[in-house]
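Respectively, the protein sequence lines represent chains P and F.
Residue 1 is where the first sequence starts when you use this note's numbering, and the numbers rise one by one after that.
Residue 1 is where the second sequence starts when you use this note's numbering, and the numbers rise one by one after that.
Careful: at least some of the hints might be erroneous.
Covered stretches of chain F (in silico footprint by chain P; criterion: 3 or more residues with CB under 8 Å from a CB of chain P, positions within the stretch not fixed) [to be verified]:
id, segment
1, 36-42
2, 45-59
3, 72-83
A few chain F residues that don't get close to chain P, going by computed Cβ distances all over 12 Å [to be verified]:
id, residue
4, 15
5, 19
6, 69
7, 86
8, 92
9, 101
These are computed hints drawn from the structure, not numbers from a lab.
Just so it is clear, the structure is predicted and the values come from calculations on it, not from any experiment.
Note that CB positions come from ideal geometry on N, CA and C, so glycine has one too.
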Amino acid sequence: DQQVKQNSPSLSVQEGRISILNCDYTNSMFDYFLWYKKYPAEGPTFLISISSIKDKNEDGRFTVFLNKSAKHLSLHIVPSQPGDSAVYFCAASLPALNRDDKIIFGKGTRLHILP
Amino acid sequence: DGGITQSPKYLFRKEGQNVTLSCEQNLNHDAMYWYRQDPGQGLRLIYYSQIVNDFQKGDIAEGYSVSREKKESFPLTVTSAQKNPTAFYLCASSPDRNRGNQPQHFGDGTRLSIL
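Isolated chain P (complex conformation) (with noise of 0.2 Å):
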């Protein structure tokens, strides 16, 4: 059972145009949310984050939307750098009154950008 769905395996953006990488989730009780970035032999970097009682947060060329209506947020990066290509990783948390510090990790979506 997966609560955190990153549909698209892969994207592949030209540089200079805008990435957009979507996750769905499951449980209405998350209140946290995540994006990483991956390089191959690495481990991931924080990147940015958004509390559910917001619905945008920009960090610099990141920003990060969130529908909570639809469980659906999306990673949106302008302009697209070939630095930027790595594997995204989505991620949730519950409350903290939950008293358990688990993040659920989405499988993670493969950005290319294309010279």
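The hints should help you fit chain F onto chain P, whose structure is shown.
Below, chain F without anything else, positioned relative to chain P:
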């Protein structure tokens, strides 16, 4: 610099042998995690620990064991009972969730291969 150190980066094991992967953090984080990454599988949680001397099974704990005798250290033992141990293993840590939402920080991983 604060961070998470996993060692070794590459590890080879003969069938039937136990092997221990090291994970040390100097971030003063309360929670620590072990994940396994296989191609197309994303990050799957093996074990996690929210506090010293306590740990919980994740989604795929069979064939693995952990200990948390010190806050800084969370070693993972891959036992001979783990039938398919070849994978990329990632360790992560995070502050206590009760202090607010915080992302997990990851080490650079250990690639385990069976000879």
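Hints, one by one, checked against the model:
no. : hint  : result
1   : 36-42 : holds (count 3)
2   : 45-59 : holds (count 4)
3   : 72-83 : violated (count 0)
4   : 15    : holds, 24 Å
5   : 19    : holds, 19 Å
6   : 69    : holds, 19 Å
7   : 86    : holds, 15 Å
8   : 92    : violated, 8 Å
9   : 101   : violated, 4 Å
The earlier numbered hints that this structure contradicts are 3, 8 and 9.
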